[in-house]
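Residue numbers (this note's numbering), protein chains in the order written: chain A, 1 to 222; chain U, 1 to 535.
One or more hints might be untrue.
Unchecked claim - DEER-style ranges, computed between Cβ atoms:
#1 A/133 / U/273: 37 to 45 Å
#2 U/104 / A/67: 46 to 54 Å
#3 U/51 / A/79: 29 to 37 Å
#4 U/104 / A/184: 26 to 34 Å
Hint data in this document are derived by calculation from the structure and do not stem from the laboratory.
Backbone N, C-alpha and C define an ideal beta-carbon position, used for all residues, glycine too.
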Amino acid sequence: MSPKEPMDTPFHNPGWAGNTGEFDLTEDQVRGDDFVGSRPLAGAHPSSSASYPYVLVDKHPESPLFEGPYRERFDKILTRYPDTRAALLPVLNLAQEVRGHVSPETMDRVGELLDLEPAYVRGVVTFYTMYNKRPVGRFLIQVCTNISCNLCGADEVMDAFLRYSNTEPGETSEDGDFTVIEAECLAGCGFPTCVQINSRYYENVKAGDIPSLCERLRADGK
Amino acid sequence: MADHADLPETVTLTIDGQQVTVPKGTSILHAAEQAGTQVPHYCYHAGLSAPAMCRLCLVEVEKAPKLLPSCVTQVAEGQVVHTQSDKSLTMRRGVLEFYLHNHPLDCPICDQSGECKLQDYAHEEGRPHGRVREPKRVFGRDDFGGDVLFYGDRCVMCTRCVRFMNEVEQDPRLAVVERGDRSIIDTFFDEGLEGTNFHGNVVDICPVGALLSKDFLFKQRAWDLSHTDSVCPNCSQGCNIELHTRDNLVQRLRPRPNLDVNGHWMCDEGRLDYEWINRGGRLEVPLVRDGKEFHATDWKEALVGLVRELGAGPVRALVSPRLSNEDLGAARALVDQLGGGDLVYRSRRAPEELVLKGFPKLARRRDLAPNVNGADLLGMSRVGDNDGTGGLEGLASHDGIVLVVGDDLEDQPPTFGKEAALYVFLGTHSSEAASHAHFTLPLTTFAEQEGTFTNHENRVQRFWSGLPAPGAARPAWLILWALLAEHTGQTQPTRPEEAFVTVSEFGDVTYETLGKQGVIVTPPTRQEPAGAIGD
Numbered sequence: 001m002s003p004k005e006p007m008d009t010p011f012h013n014p015g016w017a018g019n020t021g022e023f024d025l026t027e028d029q030v031r032g033d034d035f036v037g038s039r040p041l042a043g044a045h046p047s048s049s050a051s052y053p054y055v056l057v058d059k060h061p062e063s064p065l066f067e068g069p070y071r072e073r074f075d076k077i078l079t080r081y082p083d084t085r086a087a088l089l090p091v092l093n094l095a096q097e098v099r100g101h102v103s104p105e106t107m108d109r110v111g112e113l114l115d116l117e118p119a120y121v122r123g124v125v126t127f128y129t130m131y132n133k134r135p136v137g138r139f140l141i142q143v144c145t146n147i148s149c150n151l152c153g154a155d156e157v158m159d160a161f162l163r164y165s166n167t168e169p170g171e172t173s174e175d176g177d178f179t180v181i182e183a184e185c186l187a188g189c190g191f192p193t194c195v196q197i198n199s200r201y202y203e204n205v206k207a208g209d210i211p212s213l214c215e216r217l218r219a220d221g222k
Numbered sequence: 001m002a003d004h005a006d007l008p009e010t011v012t013l014t015i016d017g018q019q020v021t022v023p024k025g026t027s028i029l030h031a032a033e034q035a036g037t038q039v040p041h042y043c044y045h046a047g048l049s050a051p052a053m054c055r056l057c058l059v060e061v062e063k064a065p066k067l068l069p070s071c072v073t074q075v076a077e078g079q080v081v082h083t084q085s086d087k088s089l090t091m092r093r094g095v096l097e098f099y100l101h102n103h104p105l106d107c108p109i110c111d112q113s114g115e116c117k118l119q120d121y122a123h124e125e126g127r128p129h130g131r132v133r134e135p136k137r138v139f140g141r142d143d144f145g146g147d148v149l150f151y152g153d154r155c156v157m158c159t160r161c162v163r164f165m166n167e168v169e170q171d172p173r174l175a176v177v178e179r180g181d182r183s184i185i186d187t188f189f190d191e192g193l194e195g196t197n198f199h200g201n202v203v204d205i206c207p208v209g210a211l212l213s214k215d216f217l218f219k220q221r222a223w224d225l226s227h228t229d230s231v232c233p234n235c236s237q238g239c240n241i242e243l244h245t246r247d248n249l250v251q252r253l254r255p256r257p258n259l260d261v262n263g264h265w266m267c268d269e270g271r272l273d274y275e276w277i278n279r280g281g282r283l284e285v286p287l288v289r290d291g292k293e294f295h296a297t298d299w300k301e302a303l304v305g306l307v308r309e310l311g312a313g314p315v316r317a318l319v320s321p322r323l324s325n326e327d328l329g330a331a332r333a334l335v336d337q338l339g340g341g342d343l344v345y346r347s348r349r350a351p352e353e354l355v356l357k358g359f360p361k362l363a364r365r366r367d368l369a370p371n372v373n374g375a376d377l378l379g380m381s382r383v384g385d386n387d388g389t390g391g392l393e394g395l396a397s398h399d400g401i402v403l404v405v406g407d408d409l410e411d412q413p414p415t416f417g418k419e420a421a422l423y424v425f426l427g428t429h430s431s432e433a434a435s436h437a438h439f440t441l442p443l444t445t446f447a448e449q450e451g452t453f454t455n456h457e458n459r460v461q462r463f464w465s466g467l468p469a470p471g472a473a474r475p476a477w478l479i480l481w482a483l484l485a486e487h488t489g490q491t492q493p494t495r496p497e498e499a500f501v502t503v504s505e506f507g508d509v510t511y512e513t514l515g516k517q518g519v520i521v522t523p524p525t526r527q528e529p530a531g532a533i534g535d
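With the sequences and hints as input, model every part of the structure.
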């Protein structure tokens, strides 16, 4: 469990689910090697935006909503719901995927696309915590600080992330790589401390793992 | 409803030990009102949908497993409801304690103080002391634009304002933003309520001091205001309002429910256009012109002097659609007595109606005066343009009797009425164009007299006097009927209800049959004025 060991070594990586040590499997074998970036290329959960393959884009706050494959996914989302009001949540997901966060301009544009009042869109966006209301770094690190993780050192993990990225909670590091926030229970109570980085879970994380984990994130993107 | 009138479906239930019989489908809250019990509530408003989210109107219903929200629970046969039982009271005390958890308790500097539901309920049923030890969360205040100021800390999240903008104004600019104890009412960032025409109503329906009127901010304390039932004088819709007065001034206008006319609402233009009622520099005594000089005199001398001058002659009269039906009727009676003549009026017209989408009966009508239909009904004709100016060429140089009642002649030159054999000017304010008047007589405004207006659908509605008349100013009907009494030697009306029944167009309608809700006297016959007046 030493943080020095490379993270793709079977069962020595503390950072992925199902690491019980009983099977001689790599993470890629468990998860599939298409699991890159923040969304699986195929076979995503049906609740995610229209179950389309994830298209890796450079998230930019000014990116157009929605063009090319995103336009297709947007149209597909609309077909799944009786009215545009119901389609608001997945469309906002999609918008966040393109732009990295949901800015006031994004809310306005989404409201325009769905023929909804911008005030209503703002109400929805601010209600749900998984929409980023401000720009976040390349890696959004959400550290679970609920009871199980907290008993197993979540506070130290949180501190270690903040020290490494030299930020306060919610701030983005100067190089634009890391934003660290506390999260409520990530439902990984069996593997504390649980950390969600973008859409990926890292489990059994200890404070000592952080520097190597972060360096690997910078280098490989996962 | 009419189809089922022969099948009265009613439900009998017991509320606080009292049997009440109400129509099927009534909510417990309304049934309790009939039984004489007011159930505390925030989110429920008669003009809006009921989300049952404030949890304050929960009442104990026997055989129900839990307390039920009385605003949405329909009555059932044989139901036994306790609104004042231990269980209900304990629950309300608990809920109120939560409401006060983050409340700043700044009643001494809050405009709502005195008409605040949180204050009332906490005083009646809340805990005598708070138990909060934690710091309170603080939002500060936000300018919503228009006439609305938002104090986030005082908000109880009843969402009446959000539902008003969604359902009634149908321009959903307000939303609940954020979640949990950080949730707050807001618009889309800086968008605000600017540009909507009925947003002042969110201030009225806010049960606490979260939404306040900028116009009324820190102006008066609610308990100092006198309330007088009245009718909005700013357009021909005739919204039922209350005049809130103090220090002999109208301080604000508030809508008064009348489901046939304005529901629970009124428009912002009407609401905020009241300063003209308070305009100073009033005519306070009758003035008699002697050569170039005006002499102040008393009513007796003025009227006797005037009667002496009144000869039969061609009369031309200008009246105002801001006068009451009684005033217009008296003016017509006087003109008829003098041998008949032209009776005209001028009125401002707005370019378009502003309709309240969720309650389309209510609109800011094009005629910006309350009694245009009254004048039409009494056979008076309209002159002038859409700004309420011009159209008086014949009158200005008339050489017979010129009678001006209520119109302030602001656009007319000082030579107005120079040729007249007798020029009588009745008004609230003097005017340059009245400088040739032989008699200048002081009038009251609608706020200082009792009377009726006829609205756009010929509904005659009463209003009451909320302010004392300045000096010797009197209602036009009283002056004109006194003049007639002096002139004819016969007894004439001396009370508004007597003056009202002299107008034959109103048939057998009396003040008693009008009540507070008004009566439609005859279906409107007036067509939209033709292009002649500059449409």
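So, going through the hints one by one against the coordinates:
1. Range check, residue 133 of chain A to residue 273 of chain U: about 41 Å between beta-carbon atoms, so the 37 to 45 Å window is met.
2. Range check, residue 104 of chain U to residue 67 of chain A: Cβ separation about 48 Å, and the 46 to 54 Å hint holds.
3. Residue 51 of chain U and residue 79 of chain A have their C-beta atoms about 30 Å apart, which keeps the hinted 29 to 37 Å range intact.
4. Taken as a hint, the range 26 to 34 Å holds for the pair residue 104 of chain U and residue 184 of chain A, whose Cβ atoms sit roughly 28 Å apart.
Of the numbered hints given earlier, the model fails none.
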